[in-house]
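Participant: Here is how the chains run, residue by residue.
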Amino acid sequence: MKPFQDAEHLPSRGTWDPSQLPRQRKGKTPQMHGRYPDYDVLAEVDHWDDVTRKLVVGRVENVPPYRFFGEREVPTLEAFCDCLTAQDDEPRIPVLAYVDEKLFENDGDGYQYFDMPTDQETWRTVARGLDDEAAKLGRDSFAVLVAHEQHEVVHRFDQGELYGGAWATFNVSRAWSIVVRYVCEAFYAHPWAWNEIGFGGPAYPRGYAAFGSPQLGEEEHWEAKEAVDVDAMQDTQRKGLD
Amino acid sequence: MLKTGSFAMPEANDSPFLLDMHERGLQNLDRMARYDEKETVDLLVIGAGAGGVTLAQRLARKGWRIVILEKGPLWDPDRDWVSDEKGAGPIYWTDNRIIGGTDPIQMGKNNSGVGVGGSMTHFAGYVPRFHPSDFEVRSRDGVAVDWPISYWDLKASFERVERELPVAGQRWPWGDPHDYPHKPHPIAGAAAKAWQGAKDCGIEMRVGPVSITNGVFGNRPHCIYRGFCLQGCKVNAKASPLITHLPDAIEHGVEVRADSMAIRVELDDASGRVSGVTYVHDGQEHFQPADAVAVCGYAIETPRLLLNSTSRRFPHGLANNSDQVGRYVMVQGATQVAARFPELMRMYKAPPPEVSSEQFYETDESRGFARGFSIQTVSPLPIAWAEHVTAEGHWGLALREYMRDWNHWTVLGVLCELMPQPENRVTLADQKDQFGMPVASFSHSLCDNDKANIAYATKVMQEIWSGAEAQDTLKIDRYAHLVGGCRMGSTPEESVVDSSHRAWDVPNLFVVDGSVLPTEGAANPALVIMALADRFATLLEEKNVA
Ligand SMILES: Cc1cc2nc3c(=O)[nH]c(=O)nc-3n(C[C@H](O)[C@H](O)[C@H](O)COP(=O)(O)OP(=O)(O)OC[C@H]3O[C@@H](n4cnc5c(N)ncnc54)[C@H](O)[C@@H]3O)c2cc1C
Ligand code: SF4
Numbered sequence: 001m002k003p004f005q006d007a008e009h010l011p012s013r014g015t016w017d018p019s020q021l022p023r024q025r026k027g028k029t030p031q032m033h034g035r036y037p038d039y040d041v042l043a044e045v046d047h048w049d050d051v052t053r054k055l056v057v058g059r060v061e062n063v064p065p066y067r068f069f070g071e072r073e074v075p076t077l078e079a080f081c082d083c084l085t086a087q088d089d090e091p092r093i094p095v096l097a098y099v100d101e102k103l104f105e106n107d108g109d110g111y112q113y114f115d116m117p118t119d120q121e122t123w124r125t126v127a128r129g130l131d132d133e134a135a136k137l138g139r140d141s142f143a144v145l146v147a148h149e150q151h152e153v154v155h156r157f158d159q160g161e162l163y164g165g166a167w168a169t170f171n172v173s174r175a176w177s178i179v180v181r182y183v184c185e186a187f188y189a190h191p192w193a194w195n196e197i198g199f200g201g202p203a204y205p206r207g208y209a210a211f212g213s214p215q216l217g218e219e220e221h222w223e224a225k226e227a228v229d230v231d232a233m234q235d236t237q238r239k240g241l242d
Numbered sequence: 001m002l003k004t005g006s007f008a009m010p011e012a013n014d015s016p017f018l019l020d021m022h023e024r025g026l027q028n029l030d031r032m033a034r035y036d037e038k039e040t041v042d043l044l045v046i047g048a049g050a051g052g053v054t055l056a057q058r059l060a061r062k063g064w065r066i067v068i069l070e071k072g073p074l075w076d077p078d079r080d081w082v083s084d085e086k087g088a089g090p091i092y093w094t095d096n097r098i099i100g101g102t103d104p105i106q107m108g109k110n111n112s113g114v115g116v117g118g119s120m121t122h123f124a125g126y127v128p129r130f131h132p133s134d135f136e137v138r139s140r141d142g143v144a145v146d147w148p149i150s151y152w153d154l155k156a157s158f159e160r161v162e163r164e165l166p167v168a169g170q171r172w173p174w175g176d177p178h179d180y181p182h183k184p185h186p187i188a189g190a191a192a193k194a195w196q197g198a199k200d201c202g203i204e205m206r207v208g209p210v211s212i213t214n215g216v217f218g219n220r221p222h223c224i225y226r227g228f229c230l231q232g233c234k235v236n237a238k239a240s241p242l243i244t245h246l247p248d249a250i251e252h253g254v255e256v257r258a259d260s261m262a263i264r265v266e267l268d269d270a271s272g273r274v275s276g277v278t279y280v281h282d283g284q285e286h287f288q289p290a291d292a293v294a295v296c297g298y299a300i301e302t303p304r305l306l307l308n309s310t311s312r313r314f315p316h317g318l319a320n321n322s323d324q325v326g327r328y329v330m331v332q333g334a335t336q337v338a339a340r341f342p343e344l345m346r347m348y349k350a351p352p353p354e355v356s357s358e359q360f361y362e363t364d365e366s367r368g369f370a371r372g373f374s375i376q377t378v379s380p381l382p383i384a385w386a387e388h389v390t391a392e393g394h395w396g397l398a399l400r401e402y403m404r405d406w407n408h409w410t411v412l413g414v415l416c417e418l419m420p421q422p423e424n425r426v427t428l429a430d431q432k433d434q435f436g437m438p439v440a441s442f443s444h445s446l447c448d449n450d451k452a453n454i455a456y457a458t459k460v461m462q463e464i465w466s467g468a469e470a471q472d473t474l475k476i477d478r479y480a481h482l483v484g485g486c487r488m489g490s491t492p493e494e495s496v497v498d499s500s501h502r503a504w505d506v507p508n509l510f511v512v513d514g515s516v517l518p519t520e521g522a523a524n525p526a527l528v529i530m531a532l533a534d535r536f537a538t539l540l541e542e543k544n545v546a
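First to last, the sequence lines map onto chains S and E.
Residue numbers are given in my numbering: position 50 of the first sequence equals residue 50, and the series is strictly consecutive.
Residue numbers are given in my numbering: position 519 of the second sequence equals residue 519, and the series is strictly consecutive.
Every clue listed holds true.
Short derived list, chain E residues pointing at chain S, Cβ under 10 angstroms:
| # | residue |
| --- | --- |
| 1 | Y92 |
| 2 | I105 |
| 3 | Q106 |
| 4 | I187 |
| 5 | I224 |
| 6 | Y225 |
| 7 | K349 |
| 8 | I383 |
| 9 | E387 |
| 10 | G396 |
| 11 | A398 |
| 12 | Y402 |
| 13 | D405 |
| 14 | A429 |
| 15 | V439 |
Please keep in mind that the hints were generated in silico from the structure rather than gathered at the bench.
Please read these numbers as outputs of a predicted model, since none were measured by experiment.
Backbone N, C-alpha and C fix where the C-beta goes; we use that ideal spot for every residue, glycine too.
Just chain E, same shape as in the assembly:
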């Protein structure tokens, strides 16, 4: 196979070459393995997202026989995705969830994907690394908890995954300084405005880091700057596991079983080991036996599935004898401030993720709260822009006028690190879904440190825009990026899995997704989730998981 590409092509992942230049769907589905339901596979992965697919690809190359169960469809971007904001609905997880607490978190398009590729099919595409400090916030800042692993345990994994996505951006000066495999993308006028405004306030920004090809990368085309990244990239320019890891995984014997909703992980009460998973496909219940199970369903669904998997040994849910499953779910404070300028900005062009700053990432005691935030450009399409306008209470004539004015606006958003709290948790509601499974209920409330962080970050955005001489601003308070719920830790009393992702008390059950994060940093989470899956795979040398 002829391998053209940039200097830093990935080593053990042929995915970009297994795609086609002109057709976006996977090309090797006819070669995909099919395992019999009576056959015990080596590993059953639940959820074909950032964690699940990366893990499967790695282990398949080591000879593991793997099935991935995925609730949603196996997407063909040519056939299934549209260049339309409302029409992107099918790629969001829109089954009902109950939300509560003093600061309830909106679900659906805001934070959860469904279908093969997981939430990254519609993520924005920012892929910054966590900082070394993120792994030790208890020791450094006296808040939350330290991770049981350090940045240096993940560094090689970050680098590997960055080559596979691949990541484009300027040299990164924050955290552990590093370079990216692809050069930065050209930026649009709207992002240039933010850059200049920030600079005038003494705030440094950098282009990227985004998981969007900028140059030849196997058979993945260059970005065409059409701006629909959050609606699913029809070009295959923006990374998602559907195109970055699944093609290679299939080539190495992974079966992805789409439209299959896992409803219970089954435990053999005698041995204390999980025996496989019950799932629903086409309205029928099936059982797939497996030597080991990795739950990779994202921060809400992973705890929900474990809580629904009760047995004699685990009457309150699998791996939940310390009452930790579903706790410490986090979101980042993602307030956005839009600014108005005389010239046309036309935010709908170029990818929404363009330039960002991590200058406020670390704790600064003079700010009066622990930890910090990052600042990034975003660009809402019309329906999302209407949310900005209505958030300030406008309707009728005022709504229409602010909407007509859209092309004069540009938007900055922050990601504030919020604290893990035990009562911010997922539980099972009385309501049942179409599979007869109780729906998740998610309660979320801010603490004082969270409020102080969000207020400060909002003020910084306002300052940037007044530095740029904006004529008007609009603010919307919102939240992004669900993580936590099955956190990794050093003791069974205070966590669900250990530093090798293994559930305390269940030797062949693993959790490998965003739900294991003990703290969330102020960086977007997809890269660290993939890096964790990469590291976990390197820990499992052999098929022997016991």
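Chain S with its partners taken away, still in its complex shape:
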């Protein structure tokens, strides 16, 4: 069986260590690991329509500057976003920069829970709350906590078990769902993440002729091929790519 055909690597079965994944050989993925080591969605840009290409390429090349978050909030929330998305190394998708842009431009999602402030206020309060937790550990900012301490705080946030101070001003579980939504949207809108998960990306005007059935053909020639072996070194040598 191919390594990814069985489901033993899924988090529901235990923890999965991404250092065992193939290293990316083409294009970029966050932290340069993924399932599709020879796939770069950005190599397909010539097949995209102009409007989409401008938007998606612009997303990668013109990372928005911080305009919403202040000097103190940025390192705290960058560390928080890294923790949520397990980005412990370069290259990183600059998640917080896109979150900042969305909040600055007031480009909300169209709803506000009756027991929550605006999304802007929610994010600022979360930043304050995270630093409050750091203060309880005698440190100045969430950003300077060590990895396992950050994890512990984020875990309690996920469980809705943060109390007092900033956290007392809103519904902590809802705050979690709001920040997680912003972070996932920023991360999975980024082509580096598409490389990691093998997404075909924009598909106009090319479309698909082979969409995954024996009659229609399984895949297009340019689509991501899943690694046949988790050991990229061996795979590289076997294919004579070195």
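For chain S, the structure is supplied; the task is to place chain E with the ligands on it using the hints.
Facilitator: Frame of chain S, contents of chain E with the ligands only:
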């Protein structure tokens, strides 16, 4: 004009021929009528969506002079839409709404569109009919209310609209059995998996019904199976009123006034008739006089606009003297269960709507609740897939790993019929929007029948996936399809409009959109909304609306 197409081309709608094969934007805008603001038009329609545009197209052909006010832009799919999940933001209604109740409903991309074409520009494309039973659930099942009309009043309208979209699918065995004008689309491996799993549990599925061309249809191209239906179809293969009805409406003298937000329907207190609508365009207030007004703004905005239109006769909002405006707003329970398989599914290919089943649609007393649900394939793109993963509490390394695994997954969703409840309602909040209008507040809570239905439907999906030998599953509880809020009924005490969509107490005010639905069925609502607009137009023989 040369009219090529399948055997069942629509009769009184030239829209597919008024489009261009190679450019997606409307081709006849230079011929669009422009009415002066001092001129009293025959009908002012608020909202260029499923109900509003269909209605305008029908009446324009009978000689009515019509203006449609639409809050959002007049889209040109070539210029304005992208093949990108996040980049589709502008087609969602994202102005703020307050949500509450014990089961608050997320808005925005989940259920509301903006701009010419309405929510159908980003709807998935499933267009099943309601069943005959949907119109008489009180008589049959002792719950909710009966409609003041029956399935048979709408049957001819369903058929007409199905030819215009056009609908592709297999012969439909459920409800009132029927055929579709276009043959079923080929299905992807992911949908085939669901089909097989269902079959192994004794559940029948059918391909479709989807409003996606499958063959020549005027100048609308064939679907290219690119999978971005919910982000706006850049191909003009998936139906929305922007391409299915507006081109013909413009040809017959309809003006669509985009970027125009209606903020008040004005009433002449002396006569008790509405005189026109105040709206905001480019930051300026305007007034358009009209002989009649049809509000077609969708389940949240229609009640909001009426509640904001107060007068001496209607101090609590227009047509609201029985306190019915904004009540009985419904969503369908739309839980989804994703399943993992050894082979690659690549859900991003082919349209998300592929195969569905209505085997559980009707009441079955042995299940312990009234009414039922339908089952449909869906296929979340990466950002939506992250919602599935985080819904089960994963973040960090686990989130990344489930995301990397995406191509091995396929997803089924249900649409559970939830009950209309008076306290599930839209009211006006203290907060104001950029037009100075109070934002809508929507409170939503499930009742016991709703919970039992959702739990049962979820179990059926789990069974289908274990039948297909899935290696793992992920579940997300969610809701889809807003309807109700200005329901149609038989008495003024218990409804907002009568069976001909006319507001009780206001002779020249109509509501023609999803908000008139007294119950929601377990079918997706766009087709029944268009069919209601079609039927309403046939009721209005002459321009005389009084
Ligand atoms: C993501 C998604 C998927 C869906 N999938 C399906 C599906 O597969 N099948 C299905 O049948 N249905 C589906 N739907 C639902 C379907 O699109 C709607 O039920 C249908 O479009 C509602 O029709 P309507 O006429 O009531 O309103 P809409 O089509 O929403 O039109 C209302 C219009 O009025 C405008 N408007 C509102 N207030 C004002 C105002 N005050 N002034 C000016 N303009 C105003 C709005 O901007 C909008 O354009 C889906 C919806 C979404 C969002
Ligand atoms: S899959 Fe077909 S209908 Fe859907 S967006 Fe693509 S071309 Fe349009």
